[in-house]
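Based on the sequences and whatever the hints tell you, model everything.
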Amino acid sequence: MRLRDYVIRRLFIEIPLTLVGLSILIFYITRVMPGDPIQLYLGIEATQEQVEFYRKLFGLDKPIWQQYIDYWAAFFANGTLGLSLYTGRDVAIDIKEYLPNTLELVIAAMAFSVVVGILMGVVSAMFRYSWIDNVLRVLAIAGVSLPKFWVALMLQLAFGYYLGILPMTGKLDEGVYVERITGITFLDSLLTLNFEGFISVSKHLVLPVVALSLSPIAQIMRIVRASILEELSKPYVVTLSSLGVNERIIYFKYALRGSLVVAITVIGLLFGFFIYGAFAIEIVFGWPGIGWYAVQVGLHKDFNAIVAVVMLIGLIYTLTNFIVDLLYNYLDPRIRLKAGSR
Amino acid sequence: MALLDVRNLYIGYKTFKGVLDVVDGISFSIERGESLALVGESGSGKTSIVKAILRSLPGNAIARGRILFEGLDLLSASKEEVSKIRGARIAYIPQEPLSALNQLFTIEEHFIDRLLLAGREQTSLLRYIRERRRAPRELRELMIKALEEARIGEPERVLSSYPFQLSGGMLQRVLIAMAVATRPSLLLADEPTTALDVITQKEILGLLKDLQREMGMSILYVTHDLGVARMVADKILVLYAGQPAELGSSARVLGSPLHPYTSGLLRSIPKLSGEPMRPIEGGLPDYTNPPGGCRFHPRCPHAMDKCRALKPPGIAMDERLVHCWLYEV
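Quick mapping for you: the protein sequence lines, in order, are chains S and U. At position 215 of the first sequence (counting the first as 1) the number is 215 in the numbering used here, and the numbers step up by one without a gap. Throughout, the numbering used here is defined as the position within the second sequence, counted from one, plus 1000.
Treat each hint with caution, since some may be false.
[Claimed, not checked] Below, simulated PhoX-like cross-link-like pairs (lysine-lysine); rule was C-alpha separation at most 25 Å, straight line:
id, chain 1, residue 1, chain 2, residue 2
1, U, LYS1014, S, LYS234
2, S, LYS234, U, LYS1079
3, S, LYS253, U, LYS1051
4, U, LYS1079, S, LYS253
In short, the hints are calculated from the structure, not lab data.
Here's what the structure looks like:
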């Protein structure tokens, strides 16, 4: 199968089908889950007429399949995602506001953990079974096992409270304003050459990014270490080193490339982990992102918002996996070049 | 002075079961332009000797004795001194061409790094990236010339291929081209044709012989195949369980073997005439506790009391050194 055919099939058939399935499932669940969201919204003192009025307003009096069609018809016609019970606004507007904040956090954490994780993995493999390796492996176990919210609190306590060098919560210092272009403040401050805003947002990013990255760093490090050790037992290492190619190049070029093919799977799955991990981190650090939003709407049984958030996460997952597949193709010539003959 | 002079080499491996004495008291030398074959069964320590020359024995190995290359003892030389020689003056052809290169990189990528980095000490990654970016232009002609020397028809296409796209014979030619591109004075060929079919094997051995003559290079072959040894080597060292059995010109050693092990090996070769093979009974000893005296005595039809007690010295006779008490004067 050619790469082009594969891309077309994935993008226009497989991914849309998955999302349609997911949308039916989550839409149904939010409509039949126990507890009446309208009752919850209006409080116990609301009269029967008021409840009926709101049910009609949200279209809950219609059959579920009709609601489903109306919901998505409105989305494709007007780009709306239904009214939110929690914010009282169109959910699409809420997402537009909160999603860039989460992407900012997640992309920063992703970049940080990939770079640090791979570096630690290679170093750990280079100095295997020495004290350096042992220290790194203990750190990795700690990174995987410690709960994120606890690490986040400890970081706040240490750097925010005792040392006072980094802000504990929020996204920008008081009085600092960054013009909104992409919604990703880090980028916007660079685009508008807002130096003050850039410093401020960078400082606010440090602790959440570190807290969010610990466990991914540990996972990436361990998979890179293990796969490099496997690579090093392959015969090409002997060939290259006896032809005078030095150790460092063998580790960082030849062995790392092979282990990246393995690591990329883990990294792709981690992107999903980041989105979900961001829930806890956003709450601890008061970061106004989609995770924080998801928790609020979940607590309020805000059915329209829940559908939208779940669909969004589903979309991110499927797209990430698609990108991972494309990366495989780039990293492993055996997939790329043999694809034509299959 | 000989190009390579191995004196009384001992190699042991520390394991949980104790120390394995894999190579014990091996001596041989190779002159410039000469070729020598190390012959023995699998597990007789041939590859350990090659690794010792390349200084790439694993961490649990112990090596004693001397390996003098152009007068420098490779066993005691510093890492820097070794890195100036390995890959540049001493090159290596691996055993299994199909897995000898990284499948994710092209031939060109391997080749450039090999040319760029051979004979140098550890380079920093940044410096490497800088040099690698500048390199290809000048190196390309060199690589194409080397591939042509190894009689590769379409050097450009081969350079841009990945290892999995080439056949075993073609890859072995590529590996030979890579090895000889820096004009090494010593080439180590570890079972270079074992993985290949008979026709390709013959071509590869012919190529190695021609290159040896053209470049005045010395070659150390490692093989378990007496036919290969006879075809390519000037001298042969027969090893048994890490000890020397017989060392001499290949014509003499294979034409009229003196050591019972050499004649046993010759009798073990299957013949087309259908004459029954008479393989040597038994197998290689346990290296944690090898038999005393001559290690071959448990399998030797001529074993005497002396063989069990004392290690035979090299006895010079009939233009060779034979390590066997049968020939004690």
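Verification of the hints:
no. : hint                    : result
1   : U:LYS1014 with S:LYS234 : holds (22 Å)
2   : S:LYS234 with U:LYS1079 : holds (23 Å)
3   : S:LYS253 with U:LYS1051 : holds (23 Å)
4   : U:LYS1079 with S:LYS253 : holds (22 Å)
Checked against the numbered hints above, the structure violates none of them.
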